[in-house]
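A.B. asks: As they're listed, the protein sequences go chains A and B. Take 862 as the starting number for the first sequence in the working numbering and just add one per residue. Take 862 as the starting number for the second sequence in the working numbering and just add one per residue.
Keep in mind that the hints are not guaranteed to be accurate.
If chains are identical, the list can't say which one is meant, so a pair holds when it fits in one copy or spans any two.
[To be verified] Result set (DMTMM-like, lysine to aspartate or glutamate): computed pairs, CA atoms no more than 20 Å apart in a straight line:
| no. | residue 1 | residue 2 |
| --- | --- | --- |
| 1 | K961 | D1306 |
| 2 | K961 | D1051 |
| 3 | K1087 | E1222 |
| 4 | K914 | D1240 |
| 5 | K1087 | D1120 |
| 6 | K1191 | E1234 |
| 7 | K914 | D1059 |
| 8 | K1087 | E1121 |
| 9 | K1191 | D1051 |
| 10 | K1087 | E1064 |
| 11 | K914 | D894 |
| 12 | K961 | D1190 |
If you're looking for bench data, these hints aren't it; they were derived computationally from the structure.
As a plain string of letters, each chain reads:
Number of protein chains: 2
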Amino acid sequence: MSNDHQDDNPPSLKPILDQNACDFSASGNLHIDGLVQERLQTLGPTSVLFYRKPLEFDHGQGVWLFDTDGNRYLDAYNNVAVLGHAHPAVSDAVAAQLQKINSHSRYLNKAGHTYAQQLLATLSAGEDCGFLPDPRLVMTCTGSEANDLALRLAFLATGAQGVIVSEAAYHGNTWLVNQISPSSCRQLPDWVATFSLDALQQEDIPVHQAMAAIREEITRAINTLKSRGYGVAALIADSIFSSDGVFAHPTGFLTAAVDEVREAGGVFIADEVQPGFARTGEAFWGYLRHSQAQQPLQPDIISFGKPMGNGYPVAGLIAPDNLLQAMADKEGYFNTFAGSHAAVAAAQAVLTTIGMEGLQENARHTGAAFKQELITLADSCPLIRSVRGAGLFIGVDLVNAHGEPDAELTSQIINALREQGILIGAAGKHGSTLKIRPPLCFSQDNVALFISRFRHVLTTIHS
Amino acid sequence: MSNDHQDDNPPSLKPILDQNACDFSASGNLHIDGLVQERLQTLGPTSVLFYRKPLEFDHGQGVWLFDTDGNRYLDAYNNVAVLGHAHPAVSDAVAAQLQKINSHSRYLNKAGHTYAQQLLATLSAGEDCGFLPDPRLVMTCTGSEANDLALRLAFLATGAQGVIVSEAAYHGNTWLVNQISPSSCRQLPDWVATFSLDALQQEDIPVHQAMAAIREEITRAINTLKSRGYGVAALIADSIFSSDGVFAHPTGFLTAAVDEVREAGGVFIADEVQPGFARTGEAFWGYLRHSQAQQPLQPDIISFGKPMGNGYPVAGLIAPDNLLQAMADKEGYFNTFAGSHAAVAAAQAVLTTIGMEGLQENARHTGAAFKQELITLADSCPLIRSVRGAGLFIGVDLVNAHGEPDAELTSQIINALREQGILIGAAGKHGSTLKIRPPLCFSQDNVALFISRFRHVLTTIHS
Chain A
862 MSNDHQDDNP
872 PSLKPILDQN
882 ACDFSASGNL
892 HIDGLVQERL
902 QTLGPTSVLF
912 YRKPLEFDHG
922 QGVWLFDTDG
932 NRYLDAYNNV
942 AVLGHAHPAV
952 SDAVAAQLQK
962 INSHSRYLNK
972 AGHTYAQQLL
982 ATLSAGEDCG
992 FLPDPRLVMT
1002 CTGSEANDLA
1012 LRLAFLATGA
1022 QGVIVSEAAY
1032 HGNTWLVNQI
1042 SPSSCRQLPD
1052 WVATFSLDAL
1062 QQEDIPVHQA
1072 MAAIREEITR
1082 AINTLKSRGY
1092 GVAALIADSI
1102 FSSDGVFAHP
1112 TGFLTAAVDE
1122 VREAGGVFIA
1132 DEVQPGFART
1142 GEAFWGYLRH
1152 SQAQQPLQPD
1162 IISFGKPMGN
1172 GYPVAGLIAP
1182 DNLLQAMADK
1192 EGYFNTFAGS
1202 HAAVAAAQAV
1212 LTTIGMEGLQ
1222 ENARHTGAAF
1232 KQELITLADS
1242 CPLIRSVRGA
1252 GLFIGVDLVN
1262 AHGEPDAELT
1272 SQIINALREQ
1282 GILIGAAGKH
1292 GSTLKIRPPL
1302 CFSQDNVALF
1312 ISRFRHVLTT
1322 IHS
Chain B
862 MSNDHQDDNP
872 PSLKPILDQN
882 ACDFSASGNL
892 HIDGLVQERL
902 QTLGPTSVLF
912 YRKPLEFDHG
922 QGVWLFDTDG
932 NRYLDAYNNV
942 AVLGHAHPAV
952 SDAVAAQLQK
962 INSHSRYLNK
972 AGHTYAQQLL
982 ATLSAGEDCG
992 FLPDPRLVMT
1002 CTGSEANDLA
1012 LRLAFLATGA
1022 QGVIVSEAAY
1032 HGNTWLVNQI
1042 SPSSCRQLPD
1052 WVATFSLDAL
1062 QQEDIPVHQA
1072 MAAIREEITR
1082 AINTLKSRGY
1092 GVAALIADSI
1102 FSSDGVFAHP
1112 TGFLTAAVDE
1122 VREAGGVFIA
1132 DEVQPGFART
1142 GEAFWGYLRH
1152 SQAQQPLQPD
1162 IISFGKPMGN
1172 GYPVAGLIAP
1182 DNLLQAMADK
1192 EGYFNTFAGS
1202 HAAVAAAQAV
1212 LTTIGMEGLQ
1222 ENARHTGAAF
1232 KQELITLADS
1242 CPLIRSVRGA
1252 GLFIGVDLVN
1262 AHGEPDAELT
1272 SQIINALREQ
1282 GILIGAAGKH
1292 GSTLKIRPPL
1302 CFSQDNVALF
1312 ISRFRHVLTT
1322 IHS
């Protein structure tokens, strides 16, 4: 619990997660202003809203959300609704299950085995990328719980305490994983060391150069942790680096870094909460994108959550049987709602529908076209510095007239897009990267609409 | 993170949560044995099953669960299904909501305010028991997340690190709250001190004597934490002491202890995951039972979970606005699935149905009759040492022929009851207390059936 050397650590980033937040000033809409006040009186000050003029949605369908006045918004932000909003495959499956039984996982439920078998089969996904030894699925309710447990397993596996994360990472909201989340935790404990992705700002950097740059960062972090007496328990990384501002290329840039971590005695946890479940188009899991060519990227533990149940709270991790056995020998782990009948039904509906509707292929195709349109737009717009991403996970770096990252300008653009009926958010250590990650049923027409509105906003914004 | 004085702490209890576990030996049923093997290959060794012959349920209704062979079981164990299994109020509400929208809480959702207002109104529940100052509802997905956050708030509020828990407590499964759960965590860290409830084994102890005994225990724990240099951040207690073996009387026994904790600078967290939502019959919250007479018991933070959504993953905490503001000033807190539209719909359906179906009143009436029947049974059965509880939360201490607590005997009885179609579990630091906490629609006929089967098992068991 004690962090004796805390003052040695530099203050971490200003928390950026809430950068897209409502400022609680009057929105100009009496109904909305009333709701905001009511919310403060009931859900309190930690309950931050999006947008200067917060939104109240009545219903959704596919990539669309409809507010209570009937206005529709193109959702280019919400990755939880991976199949699209209110997808009947999930609502039907959950409804049918709740009418039958929804109990905990201390009773047998064959559907859970079937789901686990199908999910574990995605680890190789048609390519010979290697397996975890005897991988098993442990279900939780949230990605935070999954990362919390993944870190406990890493501590147990290594006997070490130090953790390496990217410099604007977000890994969840429990007491433990909040502390490995520089984008949320203001003062990192000294058992956490960070690495920068600055070298990857332009995606055309040669892979050997990218690998060397990241390896150098990781080596520095390892040395920091060792000098503080913690050793290295884990490198935990979201392989799309969502919160850092989306760093997807060149593929393979993490492999040498992971080798360094293993050399130092640590494990590699792939946090797939953001890139998992087909979003990056090129693979079902984000880490698998980096497994091509001669150097496979093999995690020791894989965690996931957000899109897993299209909004039903279900998450989990995959870990080797022997590590789970070591934990079971030491202490119990039970999660009341995790792996319940309804959670399995929701997760199965999502997994099946991703396949049936070809959503990974759509993420690849439509994502590539989307990215190309954004790159073309950047050619005529100096406010866009760079475009990065894979599949339907794209980051757009914005700069002001002086060529500098500008969180306030980014916020203006996000709020202007909201006025234009487009939902989007920000990320990155400067809070100046647009984070685009729509439902995977996003179409070429949706791309055209987004580009048209985005061009309009960029040409009219006061920078 | 470091626990320098760890060796000073005595080893905590042998984990007892899994005492009611399947031993993975052959059940004598080929279908079940196959499923157990399949489960080990997919969900792994942390995935512990109940009963020597594990059960596979197909559906449920009210207090009944039906296995895949059509046999029915009376559920006297599962408190999550507070309204009864597959209650249409919840399945209908969730189904309707999933068909419309199920998004996160960064958008306005008036239904969430309405629910919060109704839940916050239960804090006084018709009695003048005092309020937290400006209480607010923070929704999470699980009770573990709620307790994890509650403890973070306690650390923030007090600047101290020490935590006091009962000696067989269970407060959840995150890295942090696992360490304040002696029933799960084998080696408690030295920032945790425990207190015993042994003085309350017989419910007829006079209240002043009970208060003095618990206060003495708490004073000892406070001194332990101070001597280790941690100070006192919190006393966290489940006011029905489920995991300790159910200690419900005499009401008021905690008040002096809480005074001592406040005197030492700590806060009182009421963990209502088990007793909350009308189960104890006498009040909506377990802590309110102890608030009668001259000494109100007023928590600083209230956490809850299990029954809140009748199985839909929803949980939360209630804390004062100023404490939440202090947290918001320091760092963000966001929980992707918490307070989603469907979570609110499920929680609202549960809260409304508890009122409409008079479940608190049923818990009081039927629970009192159930307890009386058990006390009567105890008169003729030496294996029952004592019966404790409130409403539909009852603990039955079992002893062997030598008058000693006997976990193996208790396990035999639990498994024999399962053979008789009755579902039940164990608790207590010796693993020798039957834990009875059925759905709150449990009827007098259900009580009669339970007593009849229990009598049969007690008279035929090999002790």
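A.B. asks: Compare the structure with each hint and give your call.
C.D. replies: Each hint tested on the structure:
In this homomeric assembly, K961 and D1306 never come within 20 Å of each other (Cα to Cα): the closest approach is 40 Å inside a single copy and 23 Å across copies. In the homo-oligomer, the alpha carbons of K961 and D1051 never lie at most 20 Å apart, since the shortest distance is 49 Å inside one protomer and 46 Å across protomers. In this assembly of identical chains, K1087 and E1222 lie within 20 Å of each other by CA distance neither inside one copy nor across copies; the values are 43 Å within and 60 Å between. With identical chains, the CA atoms of K914 and D1240 are never at most 20 Å apart, being 31 Å at best within one copy and 67 Å at best between copies.
For a Cα distance limit of 20 Å, the shortest separation of K1087 from D1120 inside one copy, 17 Å, qualifies, whereas the shortest one across copies, 44 Å, does not. For the homomeric pair K1191 and E1234, neither the shortest alpha-carbon distance inside one copy (53 Å) nor that between copies (40 Å) is at most 20 Å. When the C-alpha separation of K914 and D1059 is checked against a cutoff of 20 Å, the pair qualifies neither within a copy, at 33 Å, nor between copies, at 57 Å. For the identical chains of this complex, K1087 and E1121 are intra-copy neighbours only, at 13 Å inside a copy versus 42 Å across copies, given an alpha-carbon limit of 20 Å.
Taking the closest pair of Cα atoms, K1191 and D1051 come within 20 Å of each other only across two copies (18 Å); inside a single copy the shortest separation is 27 Å, beyond that limit. In this homomeric assembly, K1087 and E1064 never come within 20 Å of each other (Cα to Cα): the closest approach is 32 Å inside a single copy and 55 Å across copies. When the C-alpha separation of K914 and D894 is checked against a cutoff of 20 Å, the pair qualifies only within one copy, where the shortest distance is 9 Å, while the shortest distance between copies is 58 Å. Taking identical chains as interchangeable, the C-alpha atoms of K961 and D1190 are never at most 20 Å apart, the minima being 35 Å within one chain and 45 Å between chains.
Going through the hint list in order, the structure does not satisfy hints 1, 2, 3, 4, 6, 7, 10 and 12.
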